[in-house]
Amino acid sequence: MQENLENDSLSNDEKQLLDELLSESNDEIAGYGAQRRLFLKQMSAAGAAILFTQLIGPQELFANPVYEPLISDLPASSMENSVRVGFKVNGASRSLNVDSRMTLLDTLRERLELTGTKKGCDHGQCGACTVIVDGKRVLSCLTLAASCESKTVTTIEGLAKDGKLHPMQAAFVKHDGFQCGFCTPGQICSAVALMGEAAAGEISYVTADVRKKSTSLKLSDEEIRERMSGNLCRCGAYPNIVAAIREVHTGKNTAIAWQFAADDNEKARSTGA
Amino acid sequence: MRPFKYSTINDIKSATNRLATNDNARYLAGGTNILDLMKEDVERPDELVDISRLKLAAVQPITTGANKGGISIGALGKNTETANHPLIRQAYPLLSQAILAGASAQIRNMATNGGNLNQRTRCPYFYEVSMPCNKREPGSGCGALKGINRMHAIFGWSEKCVAVHPSDMCIALVALDAIVNVQGPNGQQRSIPFEDYHRLPGDNPEKDNTLNPGELITSIHIPRNNFADRSYYLKVRDRASYAFALVSVGAALEMNGSNILTARIALGGVAHKPWRAKEAENFLAGKPATVENFRRAAEMEMKNAMTLEHNDFKVELGTRAIVRALSQAMKGGKHEELPA
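Protein sequence lines correspond, in order, to chains Y and P.
Here the first sequence is numbered in my numbering, starting from 1 and rising by one per residue.
Here the second sequence is numbered in my numbering, starting from 1 and rising by one per residue.
One chain only, chain Y, in its complex shape:
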């Protein structure tokens, strides 16, 4: 990629930025070979970054983190109760000193520059901070970073692969599974883990018969709602969220089943009920 740039007017940082924006998966958008070289030469460095952001579209941008997160380790002596902890985040091994009080949520956001995970209530009541630890969805606001030694953490930033959105992310975009977007990273991490739980046959409070053996579950909308009840959405995008999850779960295109009170009234009138 670097050899394609052939532009000494770019600083190293700018070259790296372009390099990341123009990862192989973007080839179909950005053009090929000589064409792209010509194209690039005509750009000023700053203009290139902005234009490319527009060209590749929000999907590709979200799928490719622009900045490599930098770990900012602090000396143990700078904290009253320092704990050395090492764990994997989105495939990368991280090791750092944390204050014993530091939650996983704050560690991700404040120390590892992974601000995709959101702090909502910080008390385990809203689900905005949901991440996947050792394959299970958990609340990072009620998890001490110190207790994560040797664990594997996946955040919203780790779901896209090879420049492509995770199917659940794509389904949330397609179905408008959000308005303000603040609960969305938690919703999506939760929904991704839910797919694994359903595949493993895990039951819920609304599962009709808990005694019946289950291997791979087909979730009804009622089941999806119950199992996602730990993720609140103050914008009320629930029908869209359920539709997005249903689409990924069933593998079939799905439409939102709107039900208006007026429909029921209409029906009642027409049947005389």
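Any given hint could turn out to be false.
[What the hints assert, rightly or not] Simulated crosslink set (DSS-like; lysine-lysine; CA at most 27 Å straight-line):
hint, chain 1, residue 1, chain 2, residue 2
1, Y, K119, P, K5
2, Y, K136, P, K39
3, Y, K161, Y, K252
4, P, K39, Y, K151
5, P, K160, Y, K212
6, P, K68, Y, K213
7, P, K55, P, K13
8, Y, K151, P, K160
9, Y, K213, P, K331
10, P, K334, Y, K213
11, Y, K213, Y, K136
12, Y, K88, P, K55
13, P, K334, Y, K212
14, Y, K151, P, K5
15, P, K39, P, K207
16, P, K160, P, K303
17, P, K331, Y, K212
18, Y, K136, P, K55
19, P, K5, Y, K88
20, P, K331, Y, K218
21, P, K278, P, K334
22, Y, K252, Y, K164
23, Y, K119, Y, K174
24, P, K334, Y, K218
25, P, K287, P, K334
26, Y, K174, Y, K218
27, P, K207, P, K146
28, Y, K151, P, K287
29, Y, K119, P, K287
30, Y, K136, Y, K151
Everything labelled a hint here was simulated from the structure, so no lab data went into it.
Since chain Y is already given, all that's left is putting chain P on it; use the hints.
Below, chain P alone, put in the same frame as chain Y:
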């Protein structure tokens, strides 16, 4: 949050000894309750002893002793794993249903079985440090007694405390006559019948349970029973999911022909401890399993309620919930969507 020392521990003995030598230390397992309470400044430990890596997570059949044929549930097993364990689902479906009625998927993935027993009340006066609360600060008074007490107790409360125990899991465990196995400093072990594990508030609401200092729950035993065909956990709450109970009912029936041989009924959201409805149980023994008898049993139990200013609705709600839970249990305990 106040500063605290964090330590991990690899064996039960070191854990119990840590707590025996420091009154201000607490165990950390799932952390879902204690971290929240520490953020609120309700709990103020100066040390957390992380026991989550102790090998106490197994769910397994009991093969010897008085409870042979029953099941042993490790204290550090996660709520999700326990609810989904094939042996629990098959033979103790009431426990699966009760666990799954509580909290959210994320919290159940974190919360441990032992921690579930030791979670503290969600009484808002307990949580709000600017309010009086005898449980949080003995002698400061009870804010809820004459305050907003819609969520509070109708059985077994005292002038000192009207808080309720928040667990769903514990309602199933008390109905199933579970036993709590604990180990103390110096290695001494004892077994506590579930009904005696949690306390009524009396004059010491700061004590939720009968654990001695440093004692650690190692496992919970459930004796073998014949309730699996007819049990049901019903939870009534302000929203459809992810809310604490206004009233919940764990119901289990063993039949002898068309008559009830044994009935077990436990109520959540009504008392400082998981509440066994013994009067209703005794009434039903030997009687036909009819809705009329369920209703009479429920009324018999609920007439003992002592309501507060805002929670007298719990009497009728509890009565109907008992009838409904027993009826569902008779139908095989399958979940049925409540009518809107």
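Legend entry - Non-conforming hints, listed in increasing numerical order: Of the numbered hints given earlier, those the structure breaks are 5, 8, 28 and 29, listed in rising order.
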